[in-house]
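Okay, here's what each chain looks like letter by letter:
There are 2 protein chains.
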Amino acid sequence: MSILEKVNQPQDLKALTVEELRVLSQEIRELTIHKVNVTGGHLAPNLGFVEATVAMHYVFNSPQDKMVYDVSHQSYTHKILTGRKENFLNPAKYQAISGYTNPKESAHDCFFVGHTSTAASLAVGLAKARDLQGQKHNVIAVVGDGSLSGGEAFEGLDNAAELNSNIIIVVNDNDMCIAPNSGGLYRNLALLRQTKGAAPCNFFKSLGLDYVYLDEGHNMDLLIKVFQQVKDSPRPVVVHIRTIKGKGCPVAQQDPESFHFIAPGQVTNKAPQPEAESYASLTVDYLLEKRRQDPRVITITPATPGAYGLTPQVRAQLGEGFSDVGIAEEHAVAYASALAAGGAKPVLQILSSFVQRTYDQLSQDWALNNNPAVLLVHWGGISGGDATHLGCFDIPLISNIPNIVYLAPTGKKEYLAMLDWALKQNTHPVAIRVPFGPVADNGAQPQADYTPLNKFQVISRGSEVAVLGLGNFLRLGQEVCAQLQKEAGIKATLINPRYASGLDEQLLEELKDEHRLVLTLEDGCVNGGFGEKVASFYGASSMRVLNFGARKEFTDRVALDKLYERFHLTKELICQDALACLKAIR
Amino acid sequence: MSILEKVNQPQDLKALTVEELRVLSQEIRELTIHKVNVTGGHLAPNLGFVEATVAMHYVFNSPQDKMVYDVSHQSYTHKILTGRKENFLNPAKYQAISGYTNPKESAHDCFFVGHTSTAASLAVGLAKARDLQGQKHNVIAVVGDGSLSGGEAFEGLDNAAELNSNIIIVVNDNDMCIAPNSGGLYRNLALLRQTKGAAPCNFFKSLGLDYVYLDEGHNMDLLIKVFQQVKDSPRPVVVHIRTIKGKGCPVAQQDPESFHFIAPGQVTNKAPQPEAESYASLTVDYLLEKRRQDPRVITITPATPGAYGLTPQVRAQLGEGFSDVGIAEEHAVAYASALAAGGAKPVLQILSSFVQRTYDQLSQDWALNNNPAVLLVHWGGISGGDATHLGCFDIPLISNIPNIVYLAPTGKKEYLAMLDWALKQNTHPVAIRVPFGPVADNGAQPQADYTPLNKFQVISRGSEVAVLGLGNFLRLGQEVCAQLQKEAGIKATLINPRYASGLDEQLLEELKDEHRLVLTLEDGCVNGGFGEKVASFYGASSMRVLNFGARKEFTDRVALDKLYERFHLTKELICQDALACLKAIR
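Taken in sequence, the protein lines are chains A and B.
Converting from the first sequence to this note's numbering requires adding 1034 to each position, the first position being numbered 1.
Converting from the second sequence to this note's numbering requires adding 1034 to each position, the first position being numbered 1.
None of these hints come from the bench; they were simulated from the model.
Remember, predicted model here, so these are calculated numbers, not experimental data.
Check before you lean on any hint, since a few could be wrong.
Given that identical chains are not distinguished, each listed pair holds provided it fits within a single copy or across any two copies.
Said to hold, decoys possible - With a straight-line cut-off of 27 Å between C-alpha atoms, the simulated DSS-like cross-links for lysine-lysine are:
hint, residue 1, residue 2
1, K1170, K1324
2, K1138, K1458
3, K1458, K1170
4, K1324, K1525
5, K1446, K1546
6, K1489, K1447
7, K1127, K1040
8, K1265, K1447
9, K1617, K1546
10, K1170, K1127
11, K1040, K1605
12, K1119, K1546
13, K1239, K1069
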């Protein structure tokens, strides 16, 4: 009988010996490797934090004591120990839990967390709420070293020192962000590791926090000892623990960057398949070529280079023309803006979900200063993923900021043409919503110059109905046109708007002549997005407008076809709505 | 003849003796006090940085060497020395310059900057651009100690250490943010001041930056020496200078918080007038009362308590029920959300322009977690102020995030009722757009309960035209109704939408019966805002909709009446547009 069989809740750990806790850790590690290799997920960060999590739950009393996991990349052991082991043991239940902490799953999860650098701030709030209510319990934040470079983490740590009471900040230092760490702070962490915490110049102490160092982050005895030492601490204290990313899984330990988040089967597959052409690979090829031609070209990413195909090899080729600034999206935007102001040619790449972390920098540091940096927004679109990683808010976010030109290419040729123009021109801050999905072309004709701004492209001219298919959804627009022809004999006009940030008022005006209905299709949230602007434009006229896109909600792991059904984003439902609207006019 | 008469550009300083530089500094100080006392502006921070600015321009060569001023609160001496002294000498030219650095004013200003904590990031970008182009010049960031708590400042400092080249970060440490500093970092700054920079635990060194300390920040000889020492530094270096906020102006030196930003005449007026009733004072009274009743109530501000009437006296009365987290808006939101999750009753107050600094925290830390914290957004509305401090983007920003209920009260009673409901309820994240301007009531009837959500209030029922006057603009809606009656005999329906984040679909549906035109009026940017959603709602119907509000642009010190004219926000222009639209239907 395994030890894990006896453990259903954290209190079950209390009866175990230290040796049993060790065995349990090994069982959990093996279970994690097996399960994540089947489903995919965050492998290497979780493997580094197995013993520490077991020790934490052995020493503290969750859920009375509150544990806040930063970005949740190291929360799998916590999940296994807090009533969710079946979701790791039983393949039929694998998909029933999320990859992140989630209060709907368990009282042991304090927050939905999927963006980094938030744990210290959230823990300070829980600690202060405890103090205001005269309660006594421990509040523990678990932060990876990679998350420490984020501004919110710093703000939280800085403010934690103001608490005159208990808060325990566990820093899981595996010497890696997603890619290798960058930034001055990481040299201090290295110094602290080298000196076993004894160096007098100490980032955490400089913020007024007490500090304890543990060098052997997989040693159960010492982990228990250090947590017992800080338990009920009356002061804010940092527990800095050195761990090994990917611990116990040789391939992951050897290449923790590739095994940070893995695809199904990655552990057991010897040779990963060479990647097919993708928008990431197209971008890499383009940037390598540009960099060869022009030393002013520089590619910037905030900590997620792998998502854009910026492998260690590519990074080496780009040399000084590459900056991974670490998890520091705000800095990334200001930095890119200033690079452009200084005459360089910056191309900043961020995922849609993380571009949210930079609104004020997009607005103040970049757009207000009108600097011609280029921002590539990846993975923008309605997604069936976790509520913490949706890609459907970037159009409302970016397109309502003055000065920014937000382009929505529909396929390969158009994307590359827009990227090329964006980098050449010197007049506008330009963001590009990189198409999502398989590389394709949709009949949109690229052009060399995207000035004058806000000129939509008519793909095919018809009458009665005009379909505006923005970016990814031009394809859907084509299907809708075919459906209208089939169902009602309507030859609709199909338009590629190209610009998410402005309207082609002249074209929209002309449409009034031979059309009675305009459909807007956008792969994102309708609220605050593109289509509403079209509706507003036609408000004073008799033109009917139907806006299609996602509703304003945090969808959580709902399959894409279900979402398309829910939001009326299939050719059949759109056609049905359009014909009903036309019928009502008659 | 004064020294200042001889100085028109920075190079004119090179010919002066150190004694003349001292006299010049005194002249500039007196000029600044005189001018700012007439126009209002940032007084105390500028007075503390006169000598340092003179010394910087003496040692470095702007604009070849680049100087980036954080938040620009200490840039007045820089402006005087770089061709803009007439704007301080000649009252007729006072208003021709902005209170912030502005590249349109001078080649010596690298960026438009009005939000804090950006200088290090921007300077890193300029330095990297220089390196990529093989140029040689100094890049200098000037940062106040108060700005260091902001996440972006940390991200910038952390990344500065990655530069293997010149960047000089001047930290102007006057031991004050706007209000007294909070956060652990400030204890380290205090330690460094006490030890004259010798303490081994050093925040800046922990980030991998070289470090120089100057205790006498008003000593011209030493300032010149320290800048000469770091000039052309081949490594990132911090110059930590102790200065005195308000230096040379006794009232400002004594009470630097009140004299951080002053109203006209504040220096010479002995007794400031007691403030009339304002939305800030109403809020203070309410929160004091609530705090007496319930120890769980806590008021949070990120560094600008004065803007909300949270004087030192009020803060003392609130006691543990008050947190000024310093310039750390991101933390403030996550902290408030977690306080609510932990059972406390947080009320977070932020200015509209600064709420932009928190999009991801509003979305992920707060809205996604659905925690019932209360956010008060102050100074929201179209403003005639500087482009860096506009209040017209908060509706697009907040109202398109799922789960957040964004209320727009129209006057005193309704505001207090909404605030009371927001604090009582336990179901929703609630933001309130605090009315702007003189305290008034506009006929809107407050109610005890704002659930169910998105129920608009009909103020007066008519036909033909319905006017939706959101928040501050219900007043304008009343005027428009009167004007329609007067000009065209139309008795319009007047509606108070109350919710900026959702539509009363039932009421909007009913309006179709007896109305042909809906006007939406919002005190903010139309793009992504409230009105477009109404236009989208009616898109499939024959209802005409006209959306009124600000256009998507960064307006810069344009008088409010001019903006209202430009955006058609007067009763006459709205009425004219409405009647033209009605005429076109017939």
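Comparing the hints with the structure gives:
1. K1170 / K1324: between (59 Å within a copy, 24 Å between copies)
2. K1138 / K1458: The answer is between: 23 Å across copies meets 27 Å, while 49 Å in one copy does not.
3. K1458 / K1170: Between. Shortest inter-copy distance 25 Å satisfies the 27 Å Cα cut-off; intra-copy 60 Å does not.
4. K1324 / K1525: Close neither inside one copy (42 Å) nor across copies (64 Å); limit 27 Å.
5. K1446 / K1546: Answer is neither; intra-copy 31 Å and inter-copy 45 Å both fail.
6. K1489 / K1447: within (18 Å within a copy, 48 Å between copies)
7. K1127 / K1040: within (19 Å within a copy, 80 Å between copies)
8. K1265 / K1447: neither (59 Å within a copy, 48 Å between copies)
9. K1617 / K1546: Answer is both: 18 Å inside a copy and 18 Å across each meet the 27 Å cutoff.
10. K1170 / K1127: neither (36 Å within a copy, 61 Å between copies)
11. K1040 / K1605: neither (52 Å within a copy, 74 Å between copies)
12. K1119 / K1546: Result: close neither inside a copy nor across copies, 60 Å intra and 56 Å inter.
13. K1239 / K1069: Answer is neither: 39 Å inside a copy and 43 Å across each miss the 27 Å cutoff.
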